[in-house]
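Asker: Using the sequences and the hints given, assemble the complete structure.
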Amino acid sequence: MGSAALGFVRFWYAFIVGDDWTVAAGVIAALAVTSMLGRRGVAAWWLLPVVVGLLLFASLRRAAGKHQ
Amino acid sequence: MHGLLLVLATFLASGVEMVEALTIVLAVGITRGWRSTLVGVATATLSLAVIVALLGPALARIPIDALRLVVGALLLLFGLQWLRKAILRASGYVALHDEAEAFRTQLTAAQAAGTVIRAGLDWYAFTLSFKGVLLEGLEVAFIVVTFASAPGTFPLVVSGAVAAVVLVGIAGVFLHRPLSAVPENTMKFAVGLLLTSFGMFWGAEGAGVDWPGGDGAILALLAFLALVSLGLTSWLRHQQVRAFTAG
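From first to last, the protein sequence lines are chains A and B.
Letter by letter, the first sequence follows residues 0 to 67 in numbering that gives the first Met the number 0.
Letter by letter, the second sequence follows residues 0 to 246 in numbering that gives the first Met the number 0.
Just so you know, not all the hints are guaranteed correct.
Stated by the list, open to error - Per the computed footprint, the stretches of chain A lying under chain B, defined by three or more beta-carbons under 8 Å from a beta-carbon of chain B, are:
1. 11-23
2. 34-45
3. 48-62
Unchecked claim - Far from chain A by the CB rule (all over 10 Å, computed), these chain B residues:
4. T42
5. L82
6. V157
7. V165
8. G207
If you are wondering where the hints come from, they were derived from the structure by calculation, not from laboratory data.
Since this is a predicted model, take the numbers as computed values, not measurements.
For each residue, glycine too, the CB sits at the ideal point set by N, CA and C.
Answerer: The following block contains the structure:
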């Protein structure tokens with residue numbers, strides 16, 4: 000029963016978070032900061048594209064280092 | 000334009016996952032017989048339909064801004080996973096998915112497995128085809144549900160996904176071999192770009208952003224992300240060559 004529950008959690012973790020948890024954490028943090036800036040009246044539309052580009056760069060650099 | 004991109008995203012995502020599922024189904028069907036294999040396929044398809052039917056109305060109950068935030072975050076997470084893998088494959092860091100090789104592996108495994116009969120079915124054939132279709136289709140089901148949560152998009156999104164399933168199914172029936180010639184990585188690259196662009200657009204809208212240019216911002220996001228991704232692919236290829244010549 001315990002191993003089935005663990006398997007279930009692992010499956011959903013791999014399905015939603017994937018190979019690099021920092022990308023998922025970065026996306027959530029960027030959305031939170033965008034929302035916070037929006038509430039203070041700051042035009043924050045540029046934030047998410049910039050963060051996504053940086054997250055992708057950092058994640059690929061790490062993955063390439065591991066594969067070399 | 001917006002609708003066309005949604006159809007394209009679900010068509011490509013569904014197509015590429017169904018090509019992978021077809022490889023498993025063909026290998027199992029050819030070696031173990033078609034009856035149990037097709038029962039497995041039908042059960043998995045029904046399960047996916049139930050997931051879409053249950054999740055769709057559940058998402059519709061969430062208030063629109065919170066829904067955009069949740070849907071945007073999910074699309075961003077899925078999209079970045081697809082894009083990351085596609086860039087690593089395109090730049091040579093990870094091997095390209097080879098359907099012919101996957102078919103041979105599945106064929107050998109299916110031939111070697113023993114026969115257990117449960118509920119009148121060859122259990123190996125049933126479970127393998129069921130798992131293959133369910134697991135490959137689950138992400139497509141989630142993409143369909145998230146895209147369809149935007150008002151008026153359900154028919155577009157479902158038609159894109161169903162068209163791909165029908166097309167791959169017909170190709171499988173007539174060719175009777177895995178679809179190795181399909182440019183899977185290019186399709187995954189395109190799906191990654193589309194999911195991530197829609198994810199940024201809806202996620203930021205849900206977080207309270209007003210995009211300059213309204214819906215037209217999706218095209219700008221797509222162009223920006225395509226440039227960044229192609230630039231990163233080229234940079235990684237260059238790194239790979241430098242490491243090879245230095246080593």
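Asker: None of the hints should be skipped; say for each whether it holds.
Answerer: Verification of the hints:
Look at the stretch 11-23 of chain A against chain B: 8 of its residues bring a Cβ nearer than 8 Å to a Cβ of that chain, three or more, so the hint holds. Evaluation of the coverage hint for the stretch 34-45 of chain A: fulfilled, as 6 residues show C-beta separations to chain B shorter than 8 Å, against a requirement of three. Look at the stretch 48-62 of chain A against chain B: 9 of its residues bring a Cβ nearer than 8 Å to a Cβ of that chain, three or more, so the hint holds. The claim that B:T42 lies off the interface holds: its Cβ sits roughly 19 Å from the closest Cβ of chain A, which is beyond the 10 Å cut-off.
Its beta-carbon lying about 7 Å from the closest one in chain A, B:L82 breaks the requirement of being farther than 10 Å from that chain. Every CB of chain A is more than 10 Å from the CB of B:V157 (nearest about 21 Å), matching its label as outside the interface. Residue placement check: B:V165 keeps its beta carbon more than 10 Å from all beta carbons of chain A (closest about 26 Å). Against the 10 Å criterion, B:G207 falls within the reach of chain A, whose nearest CB is about 3 Å from its own CB.
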